[in-house]
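**Q** Sequence:
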Amino acid sequence: MKLLLRAILPAVCLLFAPAFALGERSGVIGDYDGDGRSDIVVTRAVAGQWQWFFRLATGEERALLFGLAPDGNEDTLLAGNYDGDSDFEPGVVRAANGLLYWYTLDNTAAVTETQWGLDGDTPLAGFFGGSGESDRVAIRSVGGQLVWFIQGVAESGIPWGLDGDTPFAADLNGDQVDELVVARNSGGSITWFARDVAGNFTASAPWGLDGDRMLPPADFNGDGKADLVVTRGFGAFQVAFINYDVTNQSYAQSVLFGLTGDTPYSGYFTQSTLAELAMYRQSTFLSTHFVRFFDETVTGVPFGLVGDTLVQPEGRAAEEPESSVPGCVATPGTATSFSDGAGGGALWKPISEGVPNHASVVLLPISYCGAGLTVLGADGSVVSGVQRTKCGGNGNRAHFWIARTASQMSAFAPLTVQVTRGGVTECRSVPNPNQRYD
1 MKLLLRAILP AVCLLFAPAF ALGERSGVIG DYDGDGRSDI VVTRAVAGQW
51 QWFFRLATGE ERALLFGLAP DGNEDTLLAG NYDGDSDFEP GVVRAANGLL
101 YWYTLDNTAA VTETQWGLDG DTPLAGFFGG SGESDRVAIR SVGGQLVWFI
151 QGVAESGIPW GLDGDTPFAA DLNGDQVDEL VVARNSGGSI TWFARDVAGN
201 FTASAPWGLD GDRMLPPADF NGDGKADLVV TRGFGAFQVA FINYDVTNQS
251 YAQSVLFGLT GDTPYSGYFT QSTLAELAMY RQSTFLSTHF VRFFDETVTG
301 VPFGLVGDTL VQPEGRAAEE PESSVPGCVA TPGTATSFSD GAGGGALWKP
351 ISEGVPNHAS VVLLPISYCG AGLTVLGADG SVVSGVQRTK CGGNGNRAHF
401 WIARTASQMS AFAPLTVQVT RGGVTECRSV PNPNQRYD
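Position 225 of the sequence shown, counted from 1, bears residue number 225 in the working numbering, the numbering being contiguous throughout.
Check each hint, because a few of them may be wrong.
[Stated by the list, open to error] With a straight-line Cα cutoff of 20 Å, these simulated DMTMM-like cross-link-like pairs (lysine to aspartate or glutamate) come out:
id : residue 1 : residue 2
1  : Lys225    : Asp196
2  : Lys390    : Glu353
3  : Lys225    : Asp175
If you're looking for bench data, these hints aren't it; they were derived computationally from the structure.
Please build the complete structure, drawing on both the sequences and the hints.
**A** Structure, rendered in C-alpha cells:
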C-alpha cells in the first residue's frame, strides 16, 4: 500500500508531557503544539496529497504533507490525540481491501498505521476509555441501527442511534470521558440522544430545527460538561443556540454571530476551559477566521485560501454550507393558507398573551398536536422555530407559540409556516406577519 507523506516544515514540537491520571483528558482538542489552546487548521489538495496548514495560537504558521487528497481514493481527515501526550496529531483514515486503516503522524514525524473498522463504516475519534488518548471508533449500520465499535473499549460494539443520525463524541455529564452522542433530524426538529459506554448514563434533549447546522458539543460555560449547539440562518446572519444543560432546556443562550455563508465551528482558542465560537469565511481569494472570545470580543485571523478544507478542533473536516436553500416543499393536495371557518381550524395570530414576549402563535386542529413547525422567510431560510406548544384550549386546538415576534420577522416576509406530521408537509402562507390570518 502506497503511503504518501513528506514533512515540509519541522513536525510540531512537544512542549510538555505531564502525566495524567486515569479518567483525565490529556490536553485540549485541536491543540497541536501543547500550549493548552486550540489552533486553526486547514488542508489543501496538492498533487493528490493533503497539505496541512497550522496557525498556532502564538501566531506561528506551519505546514506539512500527509494523506491522500481527492483523486478517487480520498483519505478521511481525522486528527486526534492518539498517543495521549497532550497535543493533537494529524490523522487520516483510508479504506483499502474492504478495511479501514488509520494513519497518524506524531511530533517526531513517525507514522503509525492501525487497522480498525470496515470499508463503509463512519470513522470517529473520542475519549471513551479514560486513558487520555483518542480512541478509534468505527460506526456501522446494522439492520437500520448504528453500532459503535470502539477500539480497546467496546470492541464487540454498542448499538446507539439509527441510520441517518449524526454521531458525535462528547462529555455531556462531566465525568471526563466521552459519551456516545447522536443527533436526529425528524419531524422538523432535532433531538439529541446520549449514553455512556457502560449504559449507566442516558439522556435525550430536543435542540434545534430542521435546517440547523449541528456543531460538535463543547463546554461554553466552563462547568466541565459539553453543551449542545446549533447554528441557524437569520436573513444575512447566523445565530448560535447553545443549550448549557442536556437535562434542562431553559438554561440556554442565543448568540448572533457570523454571516449565512460562513462555516461555523468552535474551539478553546484562548484557554482550556471555555469553548469559543468561530466562523470560517471564504472570500474572493483569501479566507478569514473570525473568533468570538469568551469576553465577547471578536477578532479576524486571515489564514488559508478559498477552497481549503477546515479541520475542526475536534478533528473532523467541517461540512461546507449549502449553496442553496430548498424552502418549503409541500405534499400535493395539502393546505396552503389559514382558514379558521367557524372555529377549530387554522389560525395565525400576530400577537399572543400566552408567552412573555407576546410573540405570534399558530393554532391548528387538535390532530396537529406533536407536529413539527418552523417559519421560513422569503428566501426559504429558517426564520424561527417554536418556543412553546400546547394541546387543547381555544376551540380545542394545537397551539404553537413562535420564538420570535411578528415585528422581528417582518423583514423576512412573506413568510411560510412549514408544518410536518406523519411524513406529510404543509406550507401555509403568511404575507404579513403583523396581520391576522384565519
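**Q** May I ask which of the numbered hints given earlier this structure violates, with the numbers listed in increasing order?
**A** none
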